[in-house]
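2 protein chains.
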Amino acid sequence: MTTRPKAVVLLSGGLDSATVLAAAQSEGYDVHALSFRYGQRHLTELRMAARLVARHDVANHKIIDIDLRQFGGSALTSDLPVPQDRPINEMSSGIPITYVPARNTIFLSFALAHAEVLSAFDIFIGVNAVDYSGYPDCRPEFIATFEALANLATKAGVEKTGRFRIHTPLISLTKADIIRKGLALGVDYSLTSTCYAPDSETGVSCGQCDACQLRLRGFADVGQADPIAYRKA
Amino acid sequence: MTTRPKAVVLLSGGLDSATVLAAAQSEGYDVHALSFRYGQRHLTELRMAARLVARHDVANHKIIDIDLRQFGGSALTSDLPVPQDRPINEMSSGIPITYVPARNTIFLSFALAHAEVLSAFDIFIGVNAVDYSGYPDCRPEFIATFEALANLATKAGVEKTGRFRIHTPLISLTKADIIRKGLALGVDYSLTSTCYAPDSETGVSCGQCDACQLRLRGFADVGQADPIAYRKA
Numbered sequence: 023m024t025t026r027p028k029a030v031v032l033l034s035g036g037l038d039s040a041t042v043l044a045a046a047q048s049e050g051y052d053v054h055a056l057s058f059r060y061g062q063r064h065l066t067e068l069r070m071a072a073r074l075v076a077r078h079d080v081a082n083h084k085i086i087d088i089d090l091r092q093f094g095g096s097a098l099t100s101d102l103p104v105p106q107d108r109p110i111n112e113m114s115s116g117i118p119i120t121y122v123p124a125r126n127t128i129f130l131s132f133a134l135a136h137a138e139v140l141s142a143f144d145i146f147i148g149v150n151a152v153d154y155s156g157y158p159d160c161r162p163e164f165i166a167t168f169e170a171l172a173n174l175a176t177k178a179g180v181e182k183t184g185r186f187r188i189h190t191p192l193i194s195l196t197k198a199d200i201i202r203k204g205l206a207l208g209v210d211y212s213l214t215s216t217c218y219a220p221d222s223e224t225g226v227s228c229g230q231c232d233a234c235q236l237r238l239r240g241f242a243d244v245g246q247a248d249p250i251a252y253r254k255a
Numbered sequence: 023m024t025t026r027p028k029a030v031v032l033l034s035g036g037l038d039s040a041t042v043l044a045a046a047q048s049e050g051y052d053v054h055a056l057s058f059r060y061g062q063r064h065l066t067e068l069r070m071a072a073r074l075v076a077r078h079d080v081a082n083h084k085i086i087d088i089d090l091r092q093f094g095g096s097a098l099t100s101d102l103p104v105p106q107d108r109p110i111n112e113m114s115s116g117i118p119i120t121y122v123p124a125r126n127t128i129f130l131s132f133a134l135a136h137a138e139v140l141s142a143f144d145i146f147i148g149v150n151a152v153d154y155s156g157y158p159d160c161r162p163e164f165i166a167t168f169e170a171l172a173n174l175a176t177k178a179g180v181e182k183t184g185r186f187r188i189h190t191p192l193i194s195l196t197k198a199d200i201i202r203k204g205l206a207l208g209v210d211y212s213l214t215s216t217c218y219a220p221d222s223e224t225g226v227s228c229g230q231c232d233a234c235q236l237r238l239r240g241f242a243d244v245g246q247a248d249p250i251a252y253r254k255a
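Protein chains in written order, with our numbering: chain A, 23 to 255; chain B, 23 to 255.
Among the hints, erroneous ones may be present.
Identical chains blur together in the list; that is why a pair holds if it fits in one copy or across any two.
[Unchecked claim] The calculated SDA-like cross-link candidates involving lysine to any residue, where the alpha carbons are at most 20 Å apart (straight line), are:
(1) Lys182 with Pro162
(2) Lys84 with Arg59
(3) Lys28 with Glu169
(4) Lys177 with Glu112
(5) Lys177 with Val104
(6) Lys84 with Tyr60
(7) Lys28 with Ala81
(8) Lys84 with Gly61
(9) Lys177 with Arg187
(10) Lys177 with Met113
(11) Lys28 with Gly94
No wet-lab data here; the hints were simulated from the structure.
All chains, please: the whole structure from these sequences, using the hints.
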């Protein structure tokens, strides 16, 4: 029997959420990982999530099916093209086509349901407001408001048996800082996938989408080689 | 081509959401109805939702599959028994076992995603804080906080192309007031199901759960016969 407090960790299988998983464990939490099959065009990330869970000896990992393709509106859940070779300094001007409407709101809502049933009050999410590619639901004010909502929405919040906290250990870090933090925590970044448009058969990353470019620049800033392969880097 | 503003209406197929659907139409909205197959033990409500959509000539009705049974924790999504014959004056003391963790947060998150893709800014939900059986996610402060979240979470909210509003036309009405309002709007309550534990084959309502009792008292207060059948009433 563990006596560690439980935490729900949103785990996409990307670089950021792998780092968050390690951070939550290093803070002493018993991690319950939560991933989503949400209609994303590629499932490479979910394969990585499963490998991360095995490596980090996580007790519980749930994968929830939610079909966001029924709504559409994003390059990640439809046939809209993913931008390639966009200059990094243009990424934070405007919200890109890879934005998935209300995705983090939906993911956090499921994490809240899971946490409430587990009697957990701590939810970890790897949002980042520095290299954040302009997503509205990665901003600190969004997270703070979701935390307030969590404490109003739930039986546990109303009965004051605990106070929900949304942990965002990466929110103010650059990509290089995130990688440094993860390496210090022993994260094996070969078990992560960040690409918005990986090869559908091999899962190899493109090296040209916004996410690949930010990741590659992060490793370059740290002075380390990225351990994953790229079609073009 | 309609020029009416679009609204997303959360439609369970119960008495309350049927009334909300009619209210949204009477306010001039082009209704996009949204229902969930969330692992509830009975699907009678969804059959009613489909009949309501047909009767009210709603352009679009989506049914989203989300399996909240993976989390459990509620009599509505597991084998826990639904309370029967509880005195009505005891219903608002404490949060009942029929509470589904974070359900309205999840439902509103999907409604927000749907609205954002439709370029709709109006979301209707039939929550009620009078005869509300003690659910935390039916309170005005929960709704106000979700509305704030919606305007932070989304591209549309950030770019100020519009302001999301969560409409709760029933929130301060008694069950009798809701029924009066619905009857005035032409709602056919024979096309609704409210019961937490209807007969699994016939869909007939039990007449003894909290929801049936509140509904029956509402019709009695209005001085009308409830048009649906009950096993025991």
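Are any of the numbered hints broken by this structure? If so, which, sorted upward?
The structure breaks none of the hints.
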